[in-house]
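Put chains B and C on the given structure of chain A with help from the hints.
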Amino acid sequence: METLTEPAVIDQMTPIPFKVQSVREELSHTFTLELEPPNGDFSFQPGQFTMLYAFGIGEVPISISSSATRETTLLQTIRRTGAVTHALGTLKSGDYVGIRGPYGRPWPMKEAKGRDLLIIGGGIGLAPLRPAIYHALENRADYERVVVLYGTRTPDDILFETELRRWGDRTDITTLITVDAADRGWYGAVGVVTRLIGRVGFDPLNTTAMVCGPEIMMTVTAERLMEGYAVAPENIYVTMERNMKCGIGVCGHCQFGSKFICTDGAVFSYKEVGHLFDIKGV
Amino acid sequence: MSEMYVSGQSGIGRLIQALAERGHRVIGPVVRNKALVYDEINGVEDLPKGWTDLQEPGRYRLEQRGDEKLFGYVVGSASWKQFLNPPETVLWSGTINPEGFMTDPAPEPPKYAFFGVRPCEVAALGVLDKVYATSNGLPSMAGYSAIREQAFIVAVNCVEPGGNCFCVSMDTGPTARGGHDIVITEIAHNGNMRYLIESGTAAGAEVLDGMANLEEPTKSEIEARDYFLTEAAAAMGRTLEVDGLPELLKGNARNPRWDSIADRCLACANCTMVCPTCFCNTVDDNLSLDGTHATRTRKWDSCFTLGFSYMHGRPMREGIGARYRQWITHKLATWVDQFEEMGCVGCGRCITWCPVGIDITQEAAAIRRADLRDTPIGIGGFV
Amino acid sequence: MDIDTLMTTLGEQSFFAGLRPEHMVVLASTAEEVEYGGGVEIFEEGGHADAAYLILEGAVALELHVSHRAHHIVQTLHEGEVLGWGWLFPPHRWSFSARTLEPTKVVRFDAVQLRAAWDSDCELGYEMMKRFAEVMTSRLKATRLQLVDFYGNTH
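Protein chains in written order, with our numbering: chain A, 1 to 282; chain B, 1 to 383; chain C, 1 to 155.
For reference, chain A alone in the conformation it holds in the complex:
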């Protein structure tokens, strides 16, 4: 037996141990693992995900929430929903998780150069958008307007609230937050996230929208952008989620029509997958 920091056999199903540096509780049920790559290096593009392995318990696809350039550790923001995510939630600093990846097609940061960026997140869907937002801020001159719209359930459910507030204070990025329900004492917007779209300026013909959230949130947002503003479906990007066992296109679980979400996505243009949302049980 040998200790592995790098795989002896190049087999994509072998998890690589990453040390947990810290665990941060973000919201109730949601936490962020800060992970240390074994040789200090882990390169990825905004929008990619990893297969995150809780030793002996199982593996789940989790999108990367760290900035590709400003953070040297790998951040993965996770909601406790099942056995594996609950097990990951009990880890402490110094423990190990297994990582495979990064996998998947990233957000179209390169293709969106010279265009307005409309970044729309819902709930924990802000996590995969965080690397894209930092990429835009670090390469600010590459883009025209940069707008972040965020919707969540209540004022207590705002992910990365400190950062959202910090972006809100900047002049080179527009940030609006809305919640579905609030009591007096909340001075922000209340209403479905699509209602924020009308409050910001962007050029619909020169806009790339990146939308991440629950499936219904992404469909109503995409429909609103297309019907209300004539943003073309090929310029609206969403990120899909399905049961996944391999992340590399061989387990068959994540098929969505002709697509393997893990290798063809998880980021798709609405033109590629929009029609599939209308069919039950795809």
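Note that these hints are calculated values from the structure, not bench results.
Do not rely on the hints blindly, as some may be mistaken.
[Unchecked claim] The calculated label-pair distances, taken between Cβ atoms and stated as ranges, are:
(1) A/Asp156 with B/Thr134: 33 to 39 angstroms
(2) C/Lys105 with A/Gly201: 34 to 40 angstroms
(3) C/Pro21 with A/Asp172: 37 to 43 angstroms
[Claimed, not checked] Quick partial rundown of chain B residues pointing at chain A, CB under 8 angstroms, derived from the structure:
(4) Gly43
(5) Leu289
(6) His312
(7) Glu318
Don't be surprised by glycine CBs; every beta carbon is placed ideally from N, CA and C.
Structure of chains B and C alone, referenced to chain A:
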């Protein structure tokens, strides 16, 4: 340039021997528990001489043929994928310690010779090769690739198709289309069982070159081979109209016909288990009682199970109709988008082993008869 | 404020886009511009609905008084949005309270004059009803989506 020889049954025995001598574990057809299965063979005497398998929708039984044929059956009950991607494989096991994970050594991949692979099954190996090829520039299924690379393929052309066969529709048989190292055609000629043996690769030719007592085939033996294979092509048990089929299925996602299939389909997953190309799998994780040693096991999975599409507390494909639609649409339509060919080779196993006899060819034909693409219901779909 | 300035102000609002000038005059004649500080109640749930509003600047929360949680914010309205339709139909009462979240500037239309103007000029009335119906439909749709609770925890 392929080499062609002819021999009697003793030549078949010598070929099995030659492969064993080259270090191959030779797997071939054997009769076991009243079924024809693929398992280790040591000589010609292990082959199912004089047996055949009657196959109909939801029906299978072995019968004595009353002749001496070694390959007078249709196809094994389970396919060759069981050797390349076993129903259960340990993917990874290891121990956790303060420095990370210590990986257990992995076993050496077995070196197989597959003996008696039907042309549709050779085609199925090609289909699986594409699915399990590479991802991110690395092998997706290292275990599969390691076994596959070393496997020697002896195909056997089909001169007697079965009742559920439709390889002609899928253009995979009854004559092997390539992908084999050696191909055999069994013919009854002038009262004798004769075996035309051809090489398909240099490795195949090398094996044949090393064998003694192989004869040159006569012109009439070659003519007999061609005659039988032409006759076989005309004797398919079933037909699948593939013209325009991908668009047809993708455009009929809302067809009520899926509900009628759901009324019959038991979602037992038999079709996917016996299918030579169904590749879906899941991973099962196990942890030792002291929490230090973990094993990750890959297991066959099926899109017919409720758990297959489970996410965030519920299955995405709740109804059986949605699951059958996924299976057949994948096989015959979306597979083409993914891998530039259909995921069906026409072996007929899914029809035979369906407990209620659901027939993929009939279901595709039913959708074609009830095509709703030009109606308001048909708008959208998978297209 | 003179009527010309008001007409210019209204003309900049997409809600009034494409209205005929003579109709704009009628509408402007029922209107006045009003400014509120932050945290001011513009109208109160159950109160007499005597005006329609269009928000020029600022933000307004629509609140529902729910006994066990004091004031529940149902929705917030922002620049360019119309506020209130309780004045349209009898008994002319507000279903929600409207409270400013920040200093807010609105155009206030007198309900009695507005109803009279629409009744006497059916073309104007129909045109305005269409615009209000569209706003109501989109607010209803947005409210339904809020009800879905789609970010809701999965357990």
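**Asked** Should the hint that C/Lys105 and A/Gly201 are 34 to 40 angstroms apart at their CB atoms be regarded as holding?
**Response** Since the Cβ atoms of C/Lys105 and A/Gly201 sit about 20 angstroms apart, the hinted range of 34 to 40 angstroms is violated.
**Prompt:** Is the hinted range of 37 to 43 angstroms satisfied by the C-beta distance from C/Pro21 to A/Asp172?
**Reply:** 41 angstroms, holds
**Asked** Do the numbers back the hint for B/Glu318, that is, is its least Cβ distance to chain A under 8 angstroms?
**Response** Holds. Min distance 6 angstroms.
**Message:** Holds or violated: the hint that B/Leu289 contacts chain A, with Cβ atoms closer than 8 angstroms.
**Reply:** Hint on B/Leu289: violated, closest Cβ of chain A at ~11 angstroms, above 8 angstroms.
**Prompt:** Would the hint on B/His312 stand, with a C-beta cut-off of 8 angstroms toward chain A?
**Reply:** 6 angstroms, holds
**Prompt:** Is the interface hint for B/Gly43 satisfied, with its Cβ closer than 8 angstroms to some Cβ of chain A?
**Reply:** This hint is violated: B/Gly43 lies away from chain A, its Cβ roughly 36 angstroms from the closest one there, beyond 8 angstroms.
**Prompt:** Per the hint of 33 to 39 angstroms, is the separation of the Cβ atoms of A/Asp156 and B/Thr134 within bounds?
**Reply:** Given a distance of about 46 angstroms, which is not inside 33 to 39 angstroms, the answer is violated.
Violated hints for the displayed structure, listed by number in ascending order: 1, 2, 4 and 5.
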